[in-house]
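Trainee: Chain by chain, the residues:
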Amino acid sequence: MWFRYSASHVRDPLKEAEEDLELFRKRMLSPPMEGAAGPTGTWRIMKPVIHEDKCVKCGMCWLYCPENVVSWEPGRVPSIDMTYCKGCGVCASVCPRKAIEMVVEEV
Amino acid sequence: MSVSLPQLVKSPRKGVMPGNPACMGCPHTIGLKIVGRVLGDRAVLVVPAGCTSIIVGYGGKESLDMSFVHVPFASAAAVAAGLAAAFERKGLSDRIVIAWMGDGGGADIGFATLSGAAIRNDNIIAIVSDNEAYMNTGIQASSTTPWKARTTTSPVIGKTEEKKDLATIMLMHKVPYVATASVGYPLDFAAKLKRAAEIKGFRFIHLHSPCPTGWRFDASKTVEMAKLAVETGAWILWEYNRGRFEISPPSKPFADPSKRKPLKDYIMAQGRFSHLKDEDIEFIARKIEENWRIVRMLEKIFSS
Ligand SMILES: Cc1ncc(C[n+]2csc(CCOP(=O)(O)OP(=O)(O)O)c2C)c(N)n1
Ligand code: SF4
Ligand code: SF4
Ligand code: SF4
Ligand SMILES: [Mg+2]
Chain X
13 MWFRYSASHV RDPLKEAEED LELFRKRMLS PPMEGAAGPT GTWRIMKPVI
63 HEDKCVKCGM CWLYCPENVV SWEPGRVPSI DMTYCKGCGV CASVCPRKAI
113 EMVVEEV
Chain U
9 MSVSLPQLVK SPRKGVMPGN PACMGCPHTI GLKIVGRVLG DRAVLVVPAG
59 CTSIIVGYGG KESLDMSFVH VPFASAAAVA AGLAAAFERK GLSDRIVIAW
109 MGDGGGADIG FATLSGAAIR NDNIIAIVSD NEAYMNTGIQ ASSTTPWKAR
159 TTTSPVIGKT EEKKDLATIM LMHKVPYVAT ASVGYPLDFA AKLKRAAEIK
209 GFRFIHLHSP CPTGWRFDAS KTVEMAKLAV ETGAWILWEY NRGRFEISPP
259 SKPFADPSKR KPLKDYIMAQ GRFSHLKDED IEFIARKIEE NWRIVRMLEK
309 IFSS
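Here the protein sequences line up with chains X and U, keeping their order.
Be aware that the first sequence starts at 13, since it is given in the numbering used here, and climbs by one per residue.
Be aware that the second sequence starts at 9, since it is given in the numbering used here, and climbs by one per residue.
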């Protein structure tokens, strides 16, 4: 791309440089986004189900979820974003009250 | 200086975005999540080849909400040192440059540049997320793969060499800060990151990252395995901070062998060790005791 600025056919080098910068932004810089690997919820074989009556709102599932799909605030029962939850079962395994049950996913 | 759960929740950064390409139950993502939540708005990650290169996204989509740079394998610590120097020149010295590497990247292929950055006391935090093999290319043994662990390059009797003790090697570079950590103890890791961030110079954290894919255990057990490693004494959490060496609180009780969980519970839960006999486990137990002797001695030496 660099040669464009020195080549004789370039009429408006500034405009072309701006176009290139735009291309760079589009193609070379990657903004953070959910679902970089698609809707990873489709990977799920088992699905976590939170039993609210057993939950003590400790946040351990939030802390350890490798996928960062558990939403939680102190004093609240957590919730899980099923679009991206991969169903690994880490949340169920770390829950001190066994309030999360892994059930077979059905489609 | 500790970090609490509500503090992590309130962080403006998520660390890792949902829907990333990591395997189910990936330890690196737990670690990256903590890095993002503690240092995300000041951090620039430098990442050599490894699972993390994939986890962070591809094709114009990023799954970390932190700045990062992909770099060739051997160069991570060198690129990080260069970036840190450039930030300093530009007056942006609040930026924290973190070389985030796998064990292959840190203990083997990038070890020369890591050692170089340490001995020059370059102003970076180097974190080796140790899943004890070259996972991204299909589970080849690295120098931090434990003795007897089966990998695709040690498929029958397991690895014939022992695990390299990277953290003490880095400590012997006489740098200001060295610690071990574990994805099983995120708050301990978060506190160490926070303390490391306050120091100028070379800081090193060796993060233990049990990998379900490579170690052959169920994806739900990543955290359980990380905790078992500490509770059986196999992984020792410690921290050296400018002259003072301390066994970290989660590991403290396990200095006493009678308080430890049976080593067999940790070893036999992993498919890569399923061929081990009782005498092998006894041998590993003796080696673990040796590590404890070293750690206790270091605590005694650096106790002032
Ligand atoms: C110079 C060079 N050699 C080999 C490779 C191939 N390669 C890519 S990722 C990888 C494994 C990395 O292992 P590790 O650093 O432990 O990270 P992990 O994947 O386990 O997180 C290898 C060997 C490469 N990209 N560049
Ligand atoms: S199953 Fe795994 S990905 Fe889903 S919420 Fe639990 S820990 Fe997170
Ligand atoms: S770990 Fe269990 S008890 Fe704690 S918040 Fe999550 S579901 Fe509730
Ligand atoms: S192989 Fe292990 S470290 Fe790599 S992405 Fe999968 S779980 Fe994570
Ligand atoms: Mg590795």
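These aren't lab readings, by the way, just hints derived from the structure by calculation.
Errors might be hidden in some of the hints.
Claimed, not checked - Below, a list of computed lysine-lysine pairs in the DSS-like style, where the Cα atoms sit at most 30 Å apart:
no.	chain 1	residue 1	chain 2	residue 2
1	U	LYS295	U	LYS172
2	U	LYS208	U	LYS172
3	U	LYS308	X	LYS69
4	X	LYS59	U	LYS22
5	X	LYS27	X	LYS59
6	X	LYS110	U	LYS98
7	X	LYS110	U	LYS172
8	X	LYS66	U	LYS285
9	U	LYS69	X	LYS27
10	U	LYS260	U	LYS182
11	U	LYS285	X	LYS69
12	U	LYS308	U	LYS285
13	U	LYS172	U	LYS285
14	U	LYS285	U	LYS202
15	U	LYS69	X	LYS66
16	U	LYS272	U	LYS202
17	U	LYS182	X	LYS69
18	X	LYS27	X	LYS38
19	U	LYS269	X	LYS69
20	U	LYS308	X	LYS59
21	X	LYS27	U	LYS172
22	U	LYS98	X	LYS38
23	U	LYS69	X	LYS110
24	U	LYS172	U	LYS182
25	X	LYS59	U	LYS285
26	U	LYS98	U	LYS172
27	X	LYS110	U	LYS182
28	U	LYS269	X	LYS110
29	X	LYS38	U	LYS171
30	X	LYS69	U	LYS18
31	X	LYS66	U	LYS22
32	U	LYS202	U	LYS18
33	U	LYS208	X	LYS110
34	U	LYS308	X	LYS38
What the hints assert, rightly or not - Facing chain U, a subset of chain X residues (Cβ under 8 Å, in silico):
no.	residue
35	ALA29
36	GLY47
37	ALA48
38	TYR76
39	VAL102
For every residue, glycine included, the Cβ atom is placed at its ideal position computed from N, Cα and C.
Trainee: Next step is simple, just say for each hint if it's right about the structure.
Mentor: Hint check:
no.: 1; hint: LYS295(U) x LYS172(U); in the structure: 12 Å, holds
no.: 2; hint: LYS208(U) x LYS172(U); in the structure: 27 Å, holds
no.: 3; hint: LYS308(U) x LYS69(X); in the structure: 41 Å, violated
no.: 4; hint: LYS59(X) x LYS22(U); in the structure: 23 Å, holds
no.: 5; hint: LYS27(X) x LYS59(X); in the structure: 52 Å, violated
no.: 6; hint: LYS110(X) x LYS98(U); in the structure: 52 Å, violated
no.: 7; hint: LYS110(X) x LYS172(U); in the structure: 37 Å, violated
no.: 8; hint: LYS66(X) x LYS285(U); in the structure: 41 Å, violated
no.: 9; hint: LYS69(U) x LYS27(X); in the structure: 27 Å, holds
no.: 10; hint: LYS260(U) x LYS182(U); in the structure: 24 Å, holds
no.: 11; hint: LYS285(U) x LYS69(X); in the structure: 42 Å, violated
no.: 12; hint: LYS308(U) x LYS285(U); in the structure: 35 Å, violated
no.: 13; hint: LYS172(U) x LYS285(U); in the structure: 23 Å, holds
no.: 14; hint: LYS285(U) x LYS202(U); in the structure: 42 Å, violated
no.: 15; hint: LYS69(U) x LYS66(X); in the structure: 38 Å, violated
no.: 16; hint: LYS272(U) x LYS202(U); in the structure: 34 Å, violated
no.: 17; hint: LYS182(U) x LYS69(X); in the structure: 44 Å, violated
no.: 18; hint: LYS27(X) x LYS38(X); in the structure: 17 Å, holds
no.: 19; hint: LYS269(U) x LYS69(X); in the structure: 28 Å, holds
no.: 20; hint: LYS308(U) x LYS59(X); in the structure: 49 Å, violated
no.: 21; hint: LYS27(X) x LYS172(U); in the structure: 55 Å, violated
no.: 22; hint: LYS98(U) x LYS38(X); in the structure: 26 Å, holds
no.: 23; hint: LYS69(U) x LYS110(X); in the structure: 36 Å, violated
no.: 24; hint: LYS172(U) x LYS182(U); in the structure: 18 Å, holds
no.: 25; hint: LYS59(X) x LYS285(U); in the structure: 36 Å, violated
no.: 26; hint: LYS98(U) x LYS172(U); in the structure: 38 Å, violated
no.: 27; hint: LYS110(X) x LYS182(U); in the structure: 45 Å, violated
no.: 28; hint: LYS269(U) x LYS110(X); in the structure: 22 Å, holds
no.: 29; hint: LYS38(X) x LYS171(U); in the structure: 44 Å, violated
no.: 30; hint: LYS69(X) x LYS18(U); in the structure: 16 Å, holds
no.: 31; hint: LYS66(X) x LYS22(U); in the structure: 27 Å, holds
no.: 32; hint: LYS202(U) x LYS18(U); in the structure: 15 Å, holds
no.: 33; hint: LYS208(U) x LYS110(X); in the structure: 43 Å, violated
no.: 34; hint: LYS308(U) x LYS38(X); in the structure: 56 Å, violated
no.: 35; hint: ALA29; in the structure: 21 Å, violated
no.: 36; hint: GLY47; in the structure: 4 Å, holds
no.: 37; hint: ALA48; in the structure: 4 Å, holds
no.: 38; hint: TYR76; in the structure: 5 Å, holds
no.: 39; hint: VAL102; in the structure: 6 Å, holds
Violated hints, listed in ascending order, are 3, 5, 6, 7, 8, 11, 12, 14, 15, 16, 17, 20, 21, 23, 25, 26, 27, 29, 33, 34 and 35; each of the other numbered hints is respected by the structure.
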